[in-house]
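Engineer: Model the placement of chain D on the given structure of chain A, informed by the hints.
Here the protein sequences line up with chains A and D, keeping their order. Residues are numbered in my numbering as their position in the first sequence, beginning at 1, plus a constant of 162. Residues are numbered in my numbering as their position in the second sequence, beginning at 1, plus a constant of 365.
If you're looking for bench data, these hints aren't it; they were derived computationally from the structure. Remember, predicted model here, so these are calculated numbers, not experimental data. No residue lacks a Cβ here, since even glycine has one placed at the ideal position from N, Cα and C. Treat the hints with caution; some may be incorrect.
Here's a subset of chain A near chain D, in silico, CB distances under 7 Å, partners left out [as the list claims (entries may be wrong)]:
id, residue
1, Leu182
2, Met195
3, Pro257
4, Arg262
5, Met269
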Amino acid sequence: MKSIKDLEEIRKRTLDTINLRKDQSGIRIVVGMATCGIAAGARPVLLSIMEEIEKNGLSDVIVAQTGCIGLCKLEPIVEVYKPGEEKVTYVKMNPSKAKRIINEHVMKGKIIQEYTVGAEEK
Amino acid sequence: MKMYRSHIMICRGTGCTSSRSEQIAVEFEKLIKANGLDKEVIVERTGCFGLCALGPIVIIYPEAAFYSLVTPEDVEEIVNEHLIKGRVVKRLLYDETIDEDRIKSLNEVDFYKKQVRVALRNCGVINPENIDEYIAFDGYKALATCLTELKPEEVIDLIKRSGLRGRGGAGFPTGLKWEFAAKAQGDIKYVCCNADEGDPGAFMDRSILEGDPHSVLEAMTIAGYAIGGSQGYIYVRAEYPIAVKRLTIAINQAREYGLLGKNILGTGFDFDIELRLGAGAFVCGEETALLASIEGQRGMPRPRPPFPANKGLFGKPTLLNNVETYANICPIINNGPEWFNSMGTEKSKGTKVFALGGKINHTGLVEIPMGTTMREIIYEIGGGCPNGKAFKAAQTGGPSGGCIPASKLDVPIDYDTLTALGSMMGSGGLIVMDEDNCMVDIAKFFLEFTVDESCGKCTPCREGTKRMLEILDKIIAGKGEEGDIERLENLAKNIKASALCALGQTAPNPVLSTLRYFRDEYEAHIIEKRCPAAVCQALLRYIIDPEKCKGCGICAKQCPVSAISGKPKTPYVIDKDKCIKCGVCMEKCPFKAISRG
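So here's chain A without its partners, still in its complex pose (with noise of 0.2 Å):
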């Protein structure tokens, strides 16, 4: 038999999945996976930001999938989009940096310059 405080934490757990049904307003993590993306190894950095966001209880950023940008020897492509705030482009993206970035940029507001692709021009 559940308790009041039973409900309460399924109610809170269940919210965290299904948030995403709800009207965004959140931040928007968007994984560049057209062939070029996928074939330079996005599927595993689109996992692991799922992973760290689930993990740090994240229930206000949601993450898409875009196709290709045209910078296809940059992949794997990984854009920001923080409301208010213009876009923020990282290039050649694996799940270790992807975790970073969450931990980072999404939770603390800290842009990672090494990573974007205005660093990666220079």
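Structural biologist: Just chain D now, with coordinates in the frame of chain A:
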């Protein structure tokens, strides 16, 4: 539950299921697994989204892409494009959701914009077979509040203050009904739910049971606490197999969680619910007949008083509410009665679900605040009549209700305005008719239904409705005579005054209301022997216009009974006595010289 980046919500309401939504779900699961996406994407089966005309419907989150008219063959494209490459499949999107290059939020679409979903709040949002999802959207919170913070009389007071009225048809104040049952003396009391939805065209109760069964279970448990009952029964039609299945699953899950049964949430309160399946008799929606049927007797009404609140199921005090009424209870407790009564009109608070059907573009289920006008429902939400036809009337309240003509489209809809218009709220069926519908024929349709469904216990309903139908049949066959309208009115008055239950008392309504607004159509049938909408076959005439006829002879060749004759290059004529009114000649005439009237 694990976290997924994308949720695919597939409607498994009755409408979409009958157009293969289960195959779509299975196909999605197969292809998601084949592409190794099963750890990222989850398929959820939900209740009705309301826009049944465009089913099967699939919504994919987080983009909230609203795919309509999906077939199992489309699934591969959606998986390859949307799920793998992140490109929304535009050709399958509901076209009103596309705004330049952006997907509009559903709340911006005409169909949903004006809707306020209270009773339907979880339909299409949660998986109805997963109690955790119901709990996530504040499920069983109202029950916990009632059991731990409110006394039974405080619960009743909340419902009374909300102004909620019964959604099954008559609109009796729900709080008052609860109070009567609470005050009634008896060792055992029962809480029953009327899910015997029978009005032709109404399917809101079914959709609530299919899409959000726990909302009814929770509200019934609250009602049990409020009136002092410990056993509930849901009387549901056996013709609603999906609803029955989901209710069974929901009851079992609630029992497992200790939300039904002994000592609910550790508070010492006991309550349990059982299903009783009805065999589909319309009269069993009448409360005393319904209770008789639960008892295992023949479903026939009995005179009231005593009312069920005092002497109901097995002779014990019984509370009986409709599905939609129960679906409103938990939001009232969670958000407060003031929130609820801030919506609606002076005497009709909250929202009402309508089932849109007939000659309307967006067939489906809509929930709108009381006081919305028929014009907003039909034109803004429903998208108007198809093929540019002119709106003629809307029928509300099913066989107990009446029609609302175009001239009354701007009346705000609530219980009292509908009654004043000679119709009634009923359960909320709303059938739209256009210029091609004959109102005498419509009245006959509903009367045929009540004649079929009359239980036969009282003479006015058993014999009276039958005599009325005979008169209508006569009028439609072109044999109407002067005095028929008066005879109909006289019979109607007597049946209304003397029938035993609401079925008989309201059965003449469709005739009376069509007579009130479309008397000229009856007169045209009786006096001129003409059907203005060209529906009643016996009154149809096909005529060749000699001015337009070129004498080509095509009609004569096509006529299956050789009723058309003439000489080439001179106008042809139709022999009325031979003509069987099949309409082939009119269809085939290259010069549009043949008309029907």
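Engineer: Hint check: is the beta carbon of Met269 (chain A) less than 7 Å from a beta carbon of chain D?
Structural biologist: Since chain D brings no Cβ nearer than about 16 Å to Met269 (chain A), farther than 7 Å, the hint is violated.
Engineer: Double-check Pro257 (chain A) for me: the hint is only fine if its C-beta lies closer than 7 Å to a C-beta in chain D.
Structural biologist: 14 Å, violated
Engineer: Does Leu182 (chain A) hold up as a contact with chain D if the rule is Cβ-Cβ below 7 Å?
Structural biologist: Where the cut-off is 7 Å and the nearest Cβ of chain D is about 4 Å from Leu182 (chain A), the hint holds.
Engineer: Once the shortest beta carbon distance from Met195 (chain A) to chain D is found, is it less than 7 Å?
Structural biologist: 6 Å, holds
Engineer: Verify the interface restraint on Arg262 (chain A): the C-beta must sit less than 7 Å from at least one C-beta of chain D.
Structural biologist: Where the cut-off is 7 Å and the nearest Cβ of chain D is about 19 Å from Arg262 (chain A), the hint is violated.
Violation of the numbered hints given earlier is confined to hints 3, 4 and 5; the remaining hints are satisfied by the structure.
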